[in-house]
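Enquirer: Residues per chain are reported as follows:
2 protein chains.
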Amino acid sequence: MLPFDLFEYQSRLTKTKKRMEEKGIDVLLVTDPANMNYLTGYDAWSFYVHQMLAVIIDEPQPLWIGRYQDAKGARTKTWLHEENVYAYPDYYVHSAIHHPMDYIGQKLVDLGHGKKTIGVEMDNYYFSAKAFIQLQNNLPNARFIDADLLVNYVRLIKSEQEINYMKRAAMIAEHAMYKGTESIRAGMRECDIAAQIYYYMLSGTEEYGGDYPAIVPLLPTGENTAIPHLTWTERSFQEGDAVIVELAGCYKRYHVPLARTVSIGNPSEDLQRVTPIVVEGLEEVLDAVKPGMTCGEVEEVWRKSLKKHGIEKEARLGYSVGLNYPPDWGEHTASIRARDTTVLQPNMTFHLIPGLWFDKYGIEISESFRVTEDGCETFTNYPRDLMIKDPFIINPHGGKIS
Amino acid sequence: MLPFDLFEYQSRLTKTKKRMEEKGIDVLLVTDPANMNYLTGYDAWSFYVHQMLAVIIDEPQPLWIGRYQDAKGARTKTWLHEENVYAYPDYYVHSAIHHPMDYIGQKLVDLGHGKKTIGVEMDNYYFSAKAFIQLQNNLPNARFIDADLLVNYVRLIKSEQEINYMKRAAMIAEHAMYKGTESIRAGMRECDIAAQIYYYMLSGTEEYGGDYPAIVPLLPTGENTAIPHLTWTERSFQEGDAVIVELAGCYKRYHVPLARTVSIGNPSEDLQRVTPIVVEGLEEVLDAVKPGMTCGEVEEVWRKSLKKHGIEKEARLGYSVGLNYPPDWGEHTASIRARDTTVLQPNMTFHLIPGLWFDKYGIEISESFRVTEDGCETFTNYPRDLMIKDPFIINPHGGKIS
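Residue numbers (the UniProt record's numbering), protein chains in the order written: chain V, 1 to 402; chain Z, 1 to 402.
Among the clues, some could well be false.
Identical copies carry no separate label here, and so any pair may be met within one copy or between two of them.
As the list claims (entries may be wrong) - Simulated pairs of lysine to any residue, SDA-like, Cα-Cα distance not exceeding 20 Å: (1) K290 to L344; (2) K313 to Q345; (3) K23 to E239; (4) K313 to Y86; (5) K167 to T233; (6) K307 to L286; (7) K308 to E234; (8) K308 to T275; (9) K313 to S95; (10) K304 to F358; (11) K23 to A96; (12) K77 to H229.
What the hints contain is simulated information worked out from the structure, not anything from laboratory work.
From just these sequences and the hints, can you work out the full model?
Expert: Okay, here's the thing in structure tokens:
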């Protein structure tokens with residue numbers, strides 16, 4: 001029932017404990033939902049309330065501590081034993097009087113961890129400033145140290161099974177890009193295209209069903225292509241519009257992102273000019289990637305390629321990707337950018353997204369890849385070019401579902 | 001272009017400043033994306049990096065401070081003047097060396113706010129423990145106070161335009177529930193139903209396009225109906241399964257949630273027994289709601305109704321709902337539960353979700369409503385009962401899009 005065998009979860013836990021030991025951490029409090037999933041298989045949309053794992057250096061299993069109505073999921077959908085699941089009552093939820101960290105802090109004291117060195121994920125979305133303060137108030141004799149990204153760094157190199165899941169996510173990404181963009185044409189609303197993309201992202205393939213992506217499909221259009229994180233509107237596409245489509249296939253929470261740029265009718269001169277520059281740079285980077293290089297060196301390949309064409313841009317070129325939850329599919333560890341000293345190793349996985357955003361337009365053509373023994377391979381196989389659409393032909397396969 | 005007129009944004013800002021004044025706050029740092037949207041119209045999936053508004057008590061406009069590539073959205077898609085938008089370079093993003101709050105803290109010092117009383121949203125997802133510490137380090141002479149939910153409480157009573165948007169969201173919710181559940185039958189995969197629901201949530205109606213909901217559709221099935229926050233799997237439905245469908249229509253980020261329970265074939269005896277109890281309780285609550293009551297008094301109606309049938313459950317019955325972003329559509333202010341002293345006023349809006357979760361099954365039949373001058377009215381009009389499906393009839397309108 002769990003997506004990985006027990007051996008894999010235990011190996012992840014062992015690697016985590018090794019890093020805890022190196023940092024002198026007795027108890028690691030894991031609030032990142034991806035890290036909770038990674039260590040135990042716990043997977044539910046319950047991260048909007050405070051919850052965590054406590055990884056105790058000399059205990060065989062982490063503890064899960066969360067909301068009462070979610071505890072059954074932790075008991076039955078993870079490899080944790082029932083007695084390692086603790087739950088706070090509902091009156092702690094979004095209350096002005098009670099804070100879940102009061103319960104959790106007291107529980108840790110009761111279990112004998114009140115004087116330990118406790119690692120916390122300081123910059124995680126699901127570990128608020130208030131959560132930290134309430135925890136400190138309840139554990140006055142503990143020593144807290146920043147263990148942000150400790151588990152994320154364990155996640156950096158993927159196992160064979162993780163790569164398999166990403167390959168399935170890639171099939172879903174390709175399918176969603178192909179089918180979702182099929183009906184882009186003048187007169188179609190942005191929201192209808194978003195709907196189609198979602199449909200194919202979730203229904204996936206006959207063999208593999210899709211999961212929700214950590215970021216919604218982004219489809220900035222027209223001048224908005226200069227603003228990469230806008231979501232769709234009710235506006236109808238017009239002839240001459242460019243549309244950037246950035247989406248991810250997601251399988252068992254593993255993501256493979258893919259971005260392409262669509263032109264409805266003839267592309268602008270600007271787009272015609274920059275597209276081959278982006279494709280050339282992208283391909284030079286993919287040709288260059290091999291184990292032993294640093295992320296910074298990879299970025300240099302891109303920067304030099306652009307410079308040949310007189311373009312200089314300071315932006316991150318890519319980032320480590322894999323298991324995740326909203327609001328981000330990036331893992332917040334290695335970034336492909338200047339001065340990142342991460343050394344590439346086989347089965348590291350990245351989203352390489354050499355976006356160029358100018359004043360009135362932008363372009364994105366991206367690839368997700370894994371580092372192999374002697375180079376890299378992309379997860380998806382999708383034409384690397386502008387997608388040029390006839391603005392008025394109604395695609396017979398692209399209609400609404402009735 | 002903005003979803004509300006300038007007068008409405010300014011009235012929101014005035015109300016916010018009044019609360020700031022009451023608390024002695026000179027500068028309010030707003031990191032909740034819903035609050036950022038509420039005050040300025042800013043709407044992008046950029047909240048996965050640190051960003052904020054700074055509302056300064058004696059300045060006519062808030063400042064937007066965020067990532068360089070998102071700043072154009074703040075300059076062109078809000079009512080803020082260009083000079084009130086500040087952006088940090090990309091090397092601050094997910095970096096081990098640079099933290100965006102270093103930039104933001106220094107910017108506030110440069111602008112003369114280094115010695116002010118600064119309000120921060122202490123328990124917000126997008127204000128991490130690290131963000132708070134870095135901000136304090138950069139603003140050593142400022143006094144920080146907890147201003148969590150300050151803007152959320154301004155959002156509690158909706159304007160006419162907000163109610164209009166929620167009515168559109170309600171049309172989308174009804175449509176998505178009707179069309180999305182149409183094809184639930186034995187043999188269909190959970191992910192395919194999630195895909196259909198998403199399709200209708202986003203394509204919306206011909207007049208009103210849908211936006212992404214802050215929570216994905218939840219559809220726990222079979223024994224998993226006892227675990228409310230599980231998301232879909234690749235499993236195929238079977239005859240006899242119950243399925244809880246909880247979704248929201250979303251229009252311009254305003255949510256109207258709706259939950260129903262579906263039985264594939266004859267419902268279990270348990271479901272047959274509890275359904276009328278839930279419906280009766282729900283209707284007694286809706287009949288009782290009127291301005292002047294407290295949320296605690298509303299919950300009492302439900303508790304008494306259940307008690308007639310020998311059921312006692314301690315869980316939150318509902319919560320304030322409206323404008324939001326992932327990971328939650330609830331506003332974290334008023335909750336319909338014991339001891340909540342919020343006094344109901346016209347145009348407060350709630351999701352009333354009297355879920356009952358037992359050991360092996362659960363049921364949810366919910367309504368979203370607004371408080372009126374003399375009672376309440378529900379946003380959606382959807383039969384309040386179990387939805388019983390023939391397990392084997394293939395609905396001719398419910399197939400995949402080809």
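Enquirer: Each of the hints needs a verdict: does it hold here or not?
Expert: Hint check results:
Taking identical chains as interchangeable, the C-alpha atoms of K290 and L344 lie at most 20 Å apart only when both belong to the same chain, with a minimum of 7 Å there against 63 Å between chains. In this assembly of identical chains, K313 and Q345 lie within 20 Å of each other by CA distance neither inside one copy nor across copies; the values are 27 Å within and 53 Å between. Within a single copy, K23 and E239 get their C-alpha atoms no closer than 58 Å, and across copies no closer than 53 Å, so neither meets the 20 Å cut-off. Proximity of K313 and Y86 under a CA criterion of 20 Å is satisfied inter-copy only: 19 Å between copies versus 50 Å inside one chain copy.
Taking the closest pair of Cα atoms, K167 and T233 come within 20 Å of each other only across two copies (18 Å); inside a single copy the shortest separation is 31 Å, beyond that limit. In this homomeric assembly, K307 and L286 come within 20 Å of each other (Cα to Cα) only inside a single copy, at 17 Å, whereas the closest approach across copies is 66 Å. Neither within a single protomer nor between protomers do K308 and E234 lie at most 20 Å apart by alpha-carbon distance, with minima of 40 Å and 48 Å respectively. In the homo-oligomer, the alpha carbons of K308 and T275 lie at most 20 Å apart inside one protomer (14 Å), although the nearest pairing across protomers, at 69 Å, exceeds that limit.
Only between protomers do K313 and S95 lie at most 20 Å apart by alpha-carbon distance; the minimum there is 18 Å, versus 46 Å within a single protomer. Taking the shortest alpha-carbon separations for K304 and F358, only the intra-copy value of 19 Å comes in at or below 20 Å, while the best inter-copy value is 62 Å. For the identical chains of this complex, K23 and A96 are inter-copy neighbours only, at 16 Å across copies versus 35 Å inside a copy, given an alpha-carbon limit of 20 Å. For a Cα distance limit of 20 Å, the shortest separation of K77 from H229 across copies, 12 Å, qualifies, whereas the shortest one inside one copy, 34 Å, does not.
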